Amino acid sequence: MNKYKDEKWLDELISGYIDTSEPKFDAEKWRQKYSWEFQSLVDRRSQSSPEGQVGILSVVLKSRVVKVAAAVIIVAISFFIIHQQSSEKVDTNAVSKVTISPTDMLTVASLNIAYRKGGLEAVEAQFEKAHGTRKPRATSISLQELLN
Amino acid sequence: MRATSNKRLPKVIYVTLTLLVSTSQVFAYPPDNAAVLYYRACQWYQAEPEMEQMLSDLSRGKIELNPKIKKLVRSNKHAIDFAVAASGVTHCDWGMDYSKGMSTLLPPLHTFKKLARLMIADAKIMVEKGDYTSAIDRCLSVEKFARHVSDRNMMNYLLGLAINGEADKYIQDILANMPEDLDMLNWLKNQLVQIDGNSFSFEICVDDANETAILFMTKLDNIKALLPVENWEVPSSLSKTAEKWIFAADKQFLVRNRGYWEGLIRNIKAALDMPYPKAYQELKRLCEKPEKDIIENPDATLTLMLLPAFDKSYGVGIRGENLPNAVRAAIEIYIVKAKTGHLPNALPSGLPKDLFSGEDFEYKKMKGGFVLRCRVKDLGKDMVHEYQFKVTK
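Residue numbers (this note's numbering), protein chains in the order written: chain S, 38 to 185; chain X, 8 to 400.
Hints are computed from structural coordinates only; laboratory data are not their basis.
All values reported here derive from a predicted model rather than from experimental measurement.
C-beta: ideal position from N, C-alpha, C; glycine also.
Just so you know, not all the hints are guaranteed correct.
Said to hold, decoys possible - The following residues of chain X were derived to be distant from chain S, with all beta-carbon distances above 12 Å:
#1 15
#2 22
#3 71
#4 116
#5 133
#6 141
#7 165
#8 183
#9 219
#10 220
#11 330
#12 349
#13 352
#14 390
Unchecked claim - Derived BS3-like pairs: lysine-lysine, alpha-carbon spacing no greater than 27 Å straight-line:
#15 384(X) with 154(S)
#16 371(X) with 154(S)
#17 154(S) with 299(X)
#18 251(X) with 154(S)
#19 154(S) with 397(X)
#20 296(X) with 247(X)
#21 166(S) with 69(X)
#22 371(X) with 397(X)
#23 154(S) with 247(X)
#24 276(X) with 107(X)
Said to hold, decoys possible - Derived contacts from chain X toward chain S, CB cut-off under 8 Å, selection only:
#25 52
#26 243
#27 247
Working from the sequences, and respecting the hints, build out all of it.
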């Protein structure tokens, strides 16, 4: 019981197995061992950014974790864009609904639909729209154009 | 001698035949198809949108004849001449390829209506000059034009009735303002009897819609081309259901859908034999039926998408055909007035009927003229129509 109270025996026991001496920082050794990181710090200091944001950015960009995160974000954005495009493809059906050709607007089917929607006024409006969107007739034509 | 005459004979026959054939070609005007001339009238017709609006306002009685309209009529003389010449031709074939079914392209019906308004404006100019006979004759040309326009197709039928309405409304106006003239009235009556020999027919339009839809429902490719369903006048709540059935469509789907369509058309035709109020209600019910059925019955899909608005067009048809009946009945009353000097106390017998009730119009004398009133409400408009006819003192 007393022996446990005396903590010295434990210190002795630990120091027997591991080095418990005060750690000393050897800058030269560290520079050699971590030459790339050292160089980055030196480069950062030499950059002109007062806030050091660009330097941080370059460090951040060189981080593997950040690279992975960036890749994930790019993939997510790409997926989002592709998805948007595909949903736009679905919408083109709706667009085609509005932009049917003038000829298609004058078919029995199309005019029946117009009549169901808005009666004879809608039918006449559809005729007007179809004829209005057709290429206008030339007001004059030369003999050469006529023969060609 | 005999040999010489034998040589001459073929030459004489040849020359005679050549002359006969060439002269018949020179004088072959008007052509035996009125549509050719109507299309030429459309080719010559020219009016700015502002002037077309003015013609429409003139037709609706919103404005009076003015110098701009007179100028427009003058500048469209060729168009009017072609249309008048066309109206005198019995046969009219618009050259529509009905074998294309739902894709059949229709003639420029909206321009026909504008042409008719232009012709009526011309008649108004004639009345202003006091030339009532020519004005009525112009209206009769429009009536013939209307019957030419009315074809087996529903749109032609409806636009034909609209054009006919333009003419009848103006005849009604002329009768109210022209000096009493028994000969003219008898001539008008006889002309109308001849014109009415070629009457409008809603039943033919139903038959045409039936044939067109059946033709359409024979090919699976046609059905797939119905997608996206949004292009069709399908209620948005049902479009997903319709799309689902069409995606899964096969030949059996076509057969069953044709069966559903044919059953509905049989009922629609049966409804047309009923008196107006019942027929209208029944057509309304039948036209709404596919919307209710499609939720659980895929066989209703194509009928929902292809069925024309028979209920609406039937109502418009009755309304459009009733005005000519009122005008023709009124002419008889004007004749009685011209003969006796007084309006009759009761409607003469054997006159055209009120199509809403199937009975005679309700006749009522009033100050300065008389009224022909329908006996049953127009269910589409929720009103009882009255046609007023003024009498010159």
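Here is what the structure says about each hint:
1. 15: holds (44 Å)
2. 22: It holds; residue 22(X) is separated from chain S by about 36 Å at its closest Cβ, greater than 12 Å.
3. 71: holds (24 Å)
4. 116: Its Cβ does come within 12 Å of chain S, the nearest being 6 Å, so this is violated.
5. 133: holds (27 Å)
6. 141: Consistent with the label, residue 141(X) stays out of reach of chain S, its closest Cβ about 29 Å off (over 12 Å).
7. 165: Non-interface label on residue 165(X) violated, nearest chain S Cβ at 6 Å vs cutoff 12 Å.
8. 183: holds (27 Å)
9. 219: Violated: least Cβ distance 6 Å, not greater than 12 Å.
10. 220: Residue 220(X) is in fact no farther than 12 Å from some Cβ atom of chain S, at 10 Å.
11. 330: Correct as stated: the minimum Cβ-Cβ distance to chain S is 15 Å, above 12 Å.
12. 349: Non-interface label on residue 349(X) holds, nearest chain S Cβ at 40 Å vs cutoff 12 Å.
13. 352: holds (39 Å)
14. 390: Holds, because the least Cβ-Cβ distance between residue 390(X) and chain S comes to about 16 Å, which exceeds 12 Å.
15. 384(X) with 154(S): Between residue 384(X) and residue 154(S) the Cα gap is close to 24 Å, so the pair holds against 27 Å.
16. 371(X) with 154(S): Judged against 27 Å, a Cα distance of about 38 Å means the pair is violated.
17. 154(S) with 299(X): Holds, at roughly 19 Å.
18. 251(X) with 154(S): Holds, at about 23 Å.
19. 154(S) with 397(X): Judged against 27 Å, a Cα distance of about 37 Å means the pair is violated.
20. 296(X) with 247(X): holds (18 Å)
21. 166(S) with 69(X): Holds. Residue 166(S) to residue 69(X) sits at ~25 Å (cutoff 27 Å).
22. 371(X) with 397(X): Distance of about 12 Å is within 27 Å: holds.
23. 154(S) with 247(X): holds (19 Å)
24. 276(X) with 107(X): Given that 27 Å is the threshold and the Cα spacing comes to 24 Å, the pair holds.
25. 52: violated (12 Å)
26. 243: violated (12 Å)
27. 247: violated (13 Å)
Checked against the numbered hints above, the structure breaks hints 4, 7, 9, 10, 16, 19, 25, 26 and 27 and satisfies the rest.
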